[in-house]
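*Asks:* Chain residues, written in single-letter form:
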Amino acid sequence: MTDKVLTTPPHVEPVVFTRDMLDWLPWLEPMAEQDLTARHVAGLVDAARAKSAYFRLLVRDPEVLEARTKTDKDIFYNPEAGLPRAERELAAAATSRFNGCIYCASVHARFAATYSKRVEDVDRLLNNGVDTDLDARWNAIVAASVALTSTPITFGPEHVDALRKVGLDEASIVDVINAASFFNWANRLMLSLGEPAAPEKARRGAIQADGPGRRE
Amino acid sequence: MSDVIDTLAGIAPGSPLDAIRNQRLQARTHAQASYDSLFKPLTEADASKLERVAIACFVAGLHGRSEMEAFYGTALAEAGAPAAWKGAIAAAVASAKGQGPYGHYPKGPLSAEDKAGPVFKTGAAERNALGARLAAAFEHAHMLVFHPRDAAPPYLQALIDAGWSTTGVVVISQLVAFLSYQIRVVAGLRVLKARPA
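Here the protein sequences come in this chain order: A and B.
Following our numbering, the numbering of the first sequence begins with 28 at its first residue and continues without gaps.
Following our numbering, the numbering of the second sequence begins with 2 at its first residue and continues without gaps.
Hints were generated in silico from the structure; no laboratory data involved.
Quick reminder that beta carbons are idealized off the backbone N, C-alpha and C, glycines included.
Treat the hints loosely; a few may be bogus.
Covered, in the sense of this in silico footprint (three residues per stretch, anywhere, with C-beta under 8 Å from a C-beta of chain B), are these stretches of chain A [to be verified]:
no., segment
1, 49 to 56
2, 140 to 152
3, 190 to 201
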């Protein structure tokens, strides 16, 4: 039986929010690659995810992982209408910053910076937190994400008004709701089933090639 | 096909929000598929349907969302939960409610942002009524809901000690994390629906 908590190997714990590529170490035993059946491979959606400890742990429930992954991809990648990709990623990064998920924040801050080209603003969000002043449009998206992420949820009509005022249409507002809500799902898995690790410089190339997935 | 998010958010077929949700049809379909696979699982070997619904009632209660409490409360009754569970879950919710997210960061510059808050322990009476597995699951759910950045291996050990398998821990973590998403989507869409442009 594999029912035990794992001891992580020696590693450097990231202690700040960063756009650097991070590794992720599981606290529970992922499935072994050779034990994956067709059902598990379907659950992984992308076969390459069999290389990721995170996805091989989640694939212990393949049906949920498959549905979750397809939800995720459509919310963030579907190019039809709605919010530009950069700002869906901003909502994910802000949610992760507020919940305190250093791993998720690193991935989605990278995406937000890449798609928006606003590297300094993204770094200010990471360094100073969700109250930092970005610009009217980004402030409204971050504030809406934070209000949705708070428990109890504090998202109200004033957030909808603020998003409309900076130019978001209804489909874009729904994208903010979806992106922030989805990262309340992702953050909780990433935070509670393992921990981030700073890759050693020498290993960096290998981790970028087949690290713990592009998502989360 | 029935869609739980539409039902809970009050989105009618043919309405503007129905059309917008259809622009993300994969997300819409698979949010429903996530719900179905969590609450109508192919196997109950690692977490029973009844356990899943009981945890959902607790999580809905922690968020203080009446539409979610009513929905999962009905599911609990339909699942044939023991009579004492409803009151035990309500008592656990009452003693567990708080404000999140709080918690600690790894020691370093972010320690200045540490925000202290309670670690929930299921009360003796509730533990008695619900059993050791659900009592441990509620403690885990509380951490995930309010202070997920405090997560650490000993919390997972507590679940395993209470009888959860590794796969069972994955299932209930997915369950609480999914609910954190579902509850927010519903809350957000309800606000938007009540505030037409």
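*Asks:* Please name the hints from earlier in the document that this structure breaks, with their numbers sorted from lowest to highest.
*Replies:* 2
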